[in-house]
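Top to bottom, those sequences are chains V and X.
This note's numbering applies: residue 1 is where the first sequence begins, and numbers increase by one.
This note's numbering applies: residue 1 is where the second sequence begins, and numbers increase by one.
Derived from the structure by calculation, the hints contain no laboratory data.
We put the CB at the ideal spot given by N, CA and C, even for glycine.
There may be inaccurate statements among the hints.
Restraint-style ranges between C-beta atoms, simulated for each label pair [as the list claims (entries may be wrong)]:
(1) V:61 x X:111: 49 to 55 angstroms
(2) X:284 x V:258: 37 to 43 angstroms
(3) X:211 x V:244: 25 to 31 angstroms
(4) V:78 x X:358: 54 to 60 angstroms
Protein chains: 2
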Amino acid sequence: MDPTPRLIEALDADRDGAVARLTEWLRIPSVSAQPQHAADCVRAAEWLRDQLSGLGFTAGLRQTPGHPVVVAHHPGTNPALPRLLYYGHYDVQPAEPFELWTTPAFEPTLFEGPNGPRIRARGAVDDKGQVMTWLEAMRAWHSIAGGPPCPVTVVVEGEEEVGSPNLDAFLRDAAAELAADVAVISDTNMWNADTPALSTRLRGLCYVQLDIRAASRDLHSGMYGGSALNPINLITRILGELHDDQGRIRIPGFYDGVPELSAEQRAAWQALGFSEQDFLGEIGLSVPVGEKDRGALERLWARPTADINGIWGGYAGVGSKTVIAAEAHAKVSFRLVPGQDPQKVVDGFRAFVTARLPADAKAELQVFGLGHGIEVPADSRFIRAAQAALAEEYGRPAALIGCGGSIPVVSSLKTLLGLDSVLMGFGLEDDQVHSPDEKFDLRCLHQGARSHARLLAKLAAG
Amino acid sequence: MDPTPRLIEALDADRDGAVARLTEWLRIPSVSAQPQHAADCVRAAEWLRDQLSGLGFTAGLRQTPGHPVVVAHHPGTNPALPRLLYYGHYDVQPAEPFELWTTPAFEPTLFEGPNGPRIRARGAVDDKGQVMTWLEAMRAWHSIAGGPPCPVTVVVEGEEEVGSPNLDAFLRDAAAELAADVAVISDTNMWNADTPALSTRLRGLCYVQLDIRAASRDLHSGMYGGSALNPINLITRILGELHDDQGRIRIPGFYDGVPELSAEQRAAWQALGFSEQDFLGEIGLSVPVGEKDRGALERLWARPTADINGIWGGYAGVGSKTVIAAEAHAKVSFRLVPGQDPQKVVDGFRAFVTARLPADAKAELQVFGLGHGIEVPADSRFIRAAQAALAEEYGRPAALIGCGGSIPVVSSLKTLLGLDSVLMGFGLEDDQVHSPDEKFDLRCLHQGARSHARLLAKLAAG
Numbered sequence: 001m002d003p004t005p006r007l008i009e010a011l012d013a014d015r016d017g018a019v020a021r022l023t024e025w026l027r028i029p030s031v032s033a034q035p036q037h038a039a040d041c042v043r044a045a046e047w048l049r050d051q052l053s054g055l056g057f058t059a060g061l062r063q064t065p066g067h068p069v070v071v072a073h074h075p076g077t078n079p080a081l082p083r084l085l086y087y088g089h090y091d092v093q094p095a096e097p098f099e100l101w102t103t104p105a106f107e108p109t110l111f112e113g114p115n116g117p118r119i120r121a122r123g124a125v126d127d128k129g130q131v132m133t134w135l136e137a138m139r140a141w142h143s144i145a146g147g148p149p150c151p152v153t154v155v156v157e158g159e160e161e162v163g164s165p166n167l168d169a170f171l172r173d174a175a176a177e178l179a180a181d182v183a184v185i186s187d188t189n190m191w192n193a194d195t196p197a198l199s200t201r202l203r204g205l206c207y208v209q210l211d212i213r214a215a216s217r218d219l220h221s222g223m224y225g226g227s228a229l230n231p232i233n234l235i236t237r238i239l240g241e242l243h244d245d246q247g248r249i250r251i252p253g254f255y256d257g258v259p260e261l262s263a264e265q266r267a268a269w270q271a272l273g274f275s276e277q278d279f280l281g282e283i284g285l286s287v288p289v290g291e292k293d294r295g296a297l298e299r300l301w302a303r304p305t306a307d308i309n310g311i312w313g314g315y316a317g318v319g320s321k322t323v324i325a326a327e328a329h330a331k332v333s334f335r336l337v338p339g340q341d342p343q344k345v346v347d348g349f350r351a352f353v354t355a356r357l358p359a360d361a362k363a364e365l366q367v368f369g370l371g372h373g374i375e376v377p378a379d380s381r382f383i384r385a386a387q388a389a390l391a392e393e394y395g396r397p398a399a400l401i402g403c404g405g406s407i408p409v410v411s412s413l414k415t416l417l418g419l420d421s422v423l424m425g426f427g428l429e430d431d432q433v434h435s436p437d438e439k440f441d442l443r444c445l446h447q448g449a450r451s452h453a454r455l456l457a458k459l460a461a462g
Numbered sequence: 001m002d003p004t005p006r007l008i009e010a011l012d013a014d015r016d017g018a019v020a021r022l023t024e025w026l027r028i029p030s031v032s033a034q035p036q037h038a039a040d041c042v043r044a045a046e047w048l049r050d051q052l053s054g055l056g057f058t059a060g061l062r063q064t065p066g067h068p069v070v071v072a073h074h075p076g077t078n079p080a081l082p083r084l085l086y087y088g089h090y091d092v093q094p095a096e097p098f099e100l101w102t103t104p105a106f107e108p109t110l111f112e113g114p115n116g117p118r119i120r121a122r123g124a125v126d127d128k129g130q131v132m133t134w135l136e137a138m139r140a141w142h143s144i145a146g147g148p149p150c151p152v153t154v155v156v157e158g159e160e161e162v163g164s165p166n167l168d169a170f171l172r173d174a175a176a177e178l179a180a181d182v183a184v185i186s187d188t189n190m191w192n193a194d195t196p197a198l199s200t201r202l203r204g205l206c207y208v209q210l211d212i213r214a215a216s217r218d219l220h221s222g223m224y225g226g227s228a229l230n231p232i233n234l235i236t237r238i239l240g241e242l243h244d245d246q247g248r249i250r251i252p253g254f255y256d257g258v259p260e261l262s263a264e265q266r267a268a269w270q271a272l273g274f275s276e277q278d279f280l281g282e283i284g285l286s287v288p289v290g291e292k293d294r295g296a297l298e299r300l301w302a303r304p305t306a307d308i309n310g311i312w313g314g315y316a317g318v319g320s321k322t323v324i325a326a327e328a329h330a331k332v333s334f335r336l337v338p339g340q341d342p343q344k345v346v347d348g349f350r351a352f353v354t355a356r357l358p359a360d361a362k363a364e365l366q367v368f369g370l371g372h373g374i375e376v377p378a379d380s381r382f383i384r385a386a387q388a389a390l391a392e393e394y395g396r397p398a399a400l401i402g403c404g405g406s407i408p409v410v411s412s413l414k415t416l417l418g419l420d421s422v423l424m425g426f427g428l429e430d431d432q433v434h435s436p437d438e439k440f441d442l443r444c445l446h447q448g449a450r451s452h453a454r455l456l457a458k459l460a461a462g
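Let's have the full structure, built from the sequences with the hints guiding it.
Now the structure itself:
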């Protein structure tokens with residue numbers, strides 16, 4: 001008998017419970033980038049471990065040189081079914097600038113949006129709320145059948161927002177324990193609130209910090225201006241040349257291996273009817289940047305980028321200070337597409353900087369993350385099961401889309417464990433991911449949970 | 001009878017007293033740029049007022065919309081002598097970054113240097129220590145003759161380090177009260193510890209803050225990278241173009257009115273034997289920047305510059321944050337030479353930015369100060385008296401030099417009160433003005449006081 005109606009009933013009956021659980025988790029400020037939140041990261045991991053234990057999983061924390069990984073196993077009620085590995089992350093982005101939040105970032109707040117109630121908090125959608133979609137599906141299966149039909153392994157890390165520096169080593173060491181047939185991840189977006197989506201392309205990410213040093217101390221700009229090298233002048237000169245007039249990135253070898261879109265892919269994306277005007281209009285912009293000769297979705301999903309994510313040096317206080325600083329710094333990241341080698345991009349950037357560096361300046365590069373762009377096969381039984389589950393839940397087919405963001409773990413799962421990933425995400429474009437006032441629509445939380453419950457039913461039905 | 005020997009004797013006998021007084025003044029953190037130090041600025045002004053009252057001056061504080069001006073008058077013992085106006089400033093630069101100070105910036109500390117004892121503190125030389133040189137000379141004259149021979153007016157402001165926004169209005173309003181024949185200022189350097197100098201050229205200063213805004217909020221660099229305008233990318237692109245490959249500044253009209261050096265001037269400066277290698281070597285640099293086709297002292301004293309004094313935007317914390325910031329900011333200043341119009345430079349910079357601004361970006365310019373470059377006549381009776389006083393004190397002639405820094409008041413004194421300035425300064429190149437570990441050699445303090453006492457004697461002798 002198809003268990004789906006009873007799963008849906010269980011999820012519908014416990015909507016408030018699901019929101020309460022998510023709220024509890026969101027209250028824990030598990031900001032992986034900030035050392036002062038290290039203990040909060042452990043608390044967030046322990047919270048999830050306890051939830052999984054309560055659902056019949058064998059769950060524990062695995063130490064890493066950084067924040068721990070939550071690992072849990074359930075044998076499933078039918079060990080003959082495919083083994084699933086659910087991946088997510090319990091860490092969140094820094095919430096700064098705090099003053100731009102309508103309500104405090106770590107005091108989750110319900111409020112009404114055009115599509116019903118929403119929850120506002122750092123991590124609401126990225127990724128705690130999305131992890132909750134499959135966790136609530138596990139709860140429904142637990143309540144009606146004593147557990148999921150398939151054997152399930154859970155891996156939820158605490159360093160995704162800082163480039164997962166310790167995940168690969170962990171996956172490599174635990175490869176035997178983590179053996180599975182496919183990975184399932186909810187950390188991407190729907191096409192829109194009514195249209196589900198499966199992401200089959202992800203951009204990779206190189207994230208570096210450039211530190212430029214010149215004189216041995218800060219200098220008076222009157223006494224030294226016109227003679228002494230100014231590292232802030234220099235860093236603007238170097239980084240100001242990252243793009244040419246056509247929006248192309250000028251790092252040598254940067255486009256090596258970047259494939260051209262197939263005609264089919266181009267047509268499929270064109271059929272989505274994406275309006276870049278609306279996309280930009282929502283954030284107060286009107287003119288796209290990037291390569292002038294490329295389409296909108298192509299630029300977002302299938303072309304690499306270079307963005308300066310932070311810059312600082314010299315005096316940034318009130319009023320004026322006539323200083324020539326001794327140092328200047330910038331955080332620079334590159335979104336990569338399948339075919340690009342992240343290490344070659346870093347090497348190219350280093351060469352780009354070095355070629356523009358006068359004798360007196362010293363440049364250092366710190367690398368915070370290297371992730372390949374990735375493409376997942378769209379025709380597997382798992383993608384087909386996910387398409388069926390989503391179509392059943394939403395009453396319309398799922399769009400097969402790209403994603404401009406990076407989930408480097410997808411590449412690691414493929415390389416280290418041999419797993420393809422089903423990227424079934426429930427975020428929306430206006431969720432303000434990484435921004436102040438991040439939110440998650442409760443409708444997405446609920447339909448996400450129902451979709452995951454259905455997916456397990458589809459896989460159980462074979 | 002020449003009073004000079006008795007003046008010297010009095011100053012020599014009270015060396016420790018002079019250091020104790022300077023120490024007391026340096027303990028007051030009169031940072032004009034930082035609102036939290038407003039009360040300290042008043043305290044520093046009151047301290048000076050009380051010192052002047054103790055030396056027979058009629059002294060008081062004059063309110064301005066910002067920090068008060070200390071004004072004091074002494075009729076002099078011979079009203080027929082030329083009237084002198086002594087200018088200085090009691091405010092200091094911010095001391096950040098505090099952690100780079102060997103001892104706390106506002107706990108003055110004596111230590112031994114190659115030329116004897118020094119005092120380390122923010123403001124040690126700029127300008128409290130230099131003000132003390134003429135204040136101690138007044139004390140010596142007070143002790144041996146009941147006051148200075150010439151009628152003396154003192155004007156010591158508290159906003160020099162923030163561009164003197166209220167000084168011009170004050171000078172204009174008080175013009176009658178401040179009538180004098182010449183201004184005397186100690187806020188410049190000696191040629192070296194053994195060679196005194198009179199500065200006859202000063203660069204002016206334009207100081208602006210550029211604020212660039214794009215999207216209505218911070219964005220996720222994965223979701224928006226390749227489509228949304230990044231204001232940090234943009235600000236580096238704009239400011240990276242400030243200089244061309246030859247070191248010339250590319251702002252339209254920037255060099256309008258910049259005069260060429262006379263052959264005599266060029267020869268006189270060449271005779272000083274300035275070593276730019278040593279000048280830069282001391283701060284860990286070796287290759288000069290600036291216009292490639294100009295001499296070293298010419299670039300420092302007679303050519304305008306553009307320096308970014310601060311830049312900030314996006315994430316500057318630990319690790320990585322994949323954000324496209326909504327704003328980027330920079331503080332930019334221009335050192336100007338006589339002939340340049342500061343307002344035209346600001347207008348030119350505005351046009352330079354606007355010409356590089358895409359439709360979606362908004363740029364705002366805040367102006368923190370506008371000061372002309374200036375040249376003072378080298379052949380007046382006052383300069384001759386100062387040359388005689390310095391030659392007597394140091395046993396060698398004073399160098400007539402330029403100064404890369406800006407003392408906008410020199411221009412204001414000329415324009416508003418009709419006064420030329422005698423710029424007799426006792427700073428040294430290694431004083432770390434505006435940097436951590438600012439210091440003043442006690443030898444400079446003492447010989448400066450003796451030189452000022454001698455100058456008054458020369459003027460009294462006619």
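Here's how the hints hold up against the structure:
1. V:61 x X:111: 49 to 55 angstroms: holds (53 angstroms)
2. X:284 x V:258: 37 to 43 angstroms: About 41 angstroms separates the Cβ atoms of residue 284 (chain X) and residue 258 (chain V), which means 37 to 43 angstroms holds.
3. X:211 x V:244: 25 to 31 angstroms: Roughly 26 angstroms apart at Cβ, these two residues keep to the hinted range, so it holds.
4. V:78 x X:358: 54 to 60 angstroms: The hinted range 54 to 60 angstroms holds for residue 78 (chain V) and residue 358 (chain X), with Cβ atoms some 58 angstroms apart.
Figure legend: structure checked against the earlier numbered hints; every hint is met.
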